[in-house]
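Throw the hints in and build the complete structure from the sequences for me.
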Amino acid sequence: MAEPFGGSRAGEALRAYRLIAGMWIRSSMTYRASFVVTVFGNLLVTGLDFVAILLMFSQVDSLGGWSLPEVAFLYGLSATAFGLADLTFGSMDVLGRRMRDGSFDILLVRPAPVLAQVAADHFALRRLGRITQGVLVLGWGLLTVDVDWTTAKVLLLPVMLVSGGVIFCALFVAGAAFQFLAQDAAEVQNAFTYGGTTLLQYPPTVFGKDFVRGVTFMLPLAFVNWVPAAYVLERPYPLDLPRWTSFASPLVAVACCALAGLAWRAGLRSYRSTGS
Amino acid sequence: MEDEEAMEAMEAMEGAEDTEAFIELDGVEKVFDVRKKTGFLKRERRRVRAVDSISFSVARGEMVGYIGPNGAGKSTTIKMLTGILTPSGGRLRVAGIDPSRERTRLAHRIGVVFGQRTTLWWDLPLLDSYKLMRRMYRIPDTRYRHNLDRLVELLDLSALLDVPVRQLSLGQRMRGDIAAALLHDPEVLYLDEPTIGLDVISKAKVRDFLRELNTERGTTVLLTTHDLQDIEQLCSRVMVIDHGRLMYDGPLAGLHEVGESERTLVVDLERELPPIEAAPARVVRVEGPRQWLAFPAAESAAVLVARIAAEYPLVDLSVREPDIEAVIAKMYAEQAEKADRAEQAGKAIS
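Residue numbers (the numbering used here), protein chains in the order written: chain X, 857 to 1132; chain P, 200 to 549.
If you are wondering where the hints come from, they were derived from the structure by calculation, not from laboratory data.
Nothing here was measured: the structure is a model prediction, and the numbers come from that model.
There could be a bad hint or two in this list.
[As the list claims (entries may be wrong)] As a list, the in silico SDA-like pairs of lysine to any residue whose alpha-carbon atoms are at most 20 Å apart:
1) P:330 to X:869
2) P:529 to P:475
3) P:330 to X:884
In structure tokens, the structure reads:
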């Protein structure tokens, strides 16, 4: 594919994303009442995850050695980062359906990058509900957690949110790429993305060591919150990782994007050479 | 107004630069690996040649019908021409561009209408989809307005622009889709089954429009269809494809010769009579005083009619042109026969 590379290509992608997302927002606004209901529904349903944690803490004082404010901090980071990714790339699971019913071909004859079109597909502002509850829990966690705040710790917060969001975005893209091979694999993707954010809402100490290893090195979700949060909360590092890894999240995010991009290209190429 | 004239002059120049071979295929192939489930996890792999070494070229401004049975390779060809699929072999150029390599660049120069899918936004008024096209294709304002006005007029869309697409009938939606594909002045329009599922009036509207588009703007049109009337009414050139091979490429009339087609003379006699004898015509059906006679398409109907009128009490008559569907079916049958014979000859030798 000899599409223009570099800045102009990214610009084109952003432009296409904006145009298509705008169309979906207007589409959802045609059912205004339904939109309002789904925003609140989304807020409540995603908030139930935290209610579950609150219920646990009504019975115990700590979870894997972590206090409620600390767990709220982890939860808020994971939910907000995931919410950002879910808002921007969360509809990629409709790709399989589009391939099955043939409407994917329509995206391919438009003069715009396909990934941007697929990412913006079914763009839904109701997903702001998830971000909202994540931010609320994170805010509460920050207010109540017992931390000696330093400049580095404060600066690390936005870095964690953005890197975490990007890691989840890469996961969505990789999942979409997998759908080129198995077009009914949307649920596999959901297991990694939605499942991933749920497990990151709990401290690493409640999981087995092998599992944590997998989530650190294979599917580097640990860099969304576990590893950098260990620095902020001055907790032991999972798997005795060196201290600098707390600041490695952006690098991990970039690496994830590169891999996901390659997977996407390979997937698209296989579609265009085998068809369906 | 001056702008438009200048634009038209520019288009005329563009048109002059390469008059022949706007679309060019040379030995184009497409091979699919089809995996078939044979057990719980076992899969059988099979190679399928969806398009098997097809070569043809289409000049600028031509209107070509691309026909064949289901699974013949029509859609696969269209998908390769639009850059959706990459050919497995051969050379393919549209407006000098290799579609699969420069998909987005080509997209600005082609229009595509898939009969059974829509590019329109389901929940939004029709006009919103057009506004998106304007921005996505970066259509200059004056040109957009000019094209939209023209398309709305020709396709009778003025009452529909503010209607959400989900409320449109199939025929209305199809016209809406065709307009969406033409706002950016594509040089070639691909239509995949444009009249599928439409009622008679909608079909007529779509056909009238396509004819006008072709003569007025000189847009090259390539359409696949199951409806042979589309071809009869629109296309001077027909390509027949089967099993991925081009079986016929030429004028519609020539298809009849190749298929040795027959015309039908329907005569109404005064009363019931035994079958008329008038070789080379033969009676194929009798129903009361009405008789159907088949005769070779190349024979003159006038001579035959004169002979019958002289010998029989004729009340009324009509001549029916051969049905292309029958012609194509006959062509397939002959090909199959030839293949059989070749196979048997092969067996005899070995």
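Outcome of the hint check:
With a C-alpha separation of about 18 Å, the suggested pairing of residue 330 of chain P with residue 869 of chain X holds against the 20 Å cut-off. Taking the CA atoms of residue 529 of chain P and residue 475 of chain P, the gap is about 26 Å. The hint is violated against a cut of 20 Å. A C-alpha spacing of about 18 Å is found between residue 330 of chain P and residue 884 of chain X, which places the hinted pair at or below 20 Å, so the restraint holds.
The structure is inconsistent with hint 2 alone, although it conforms to all the rest.
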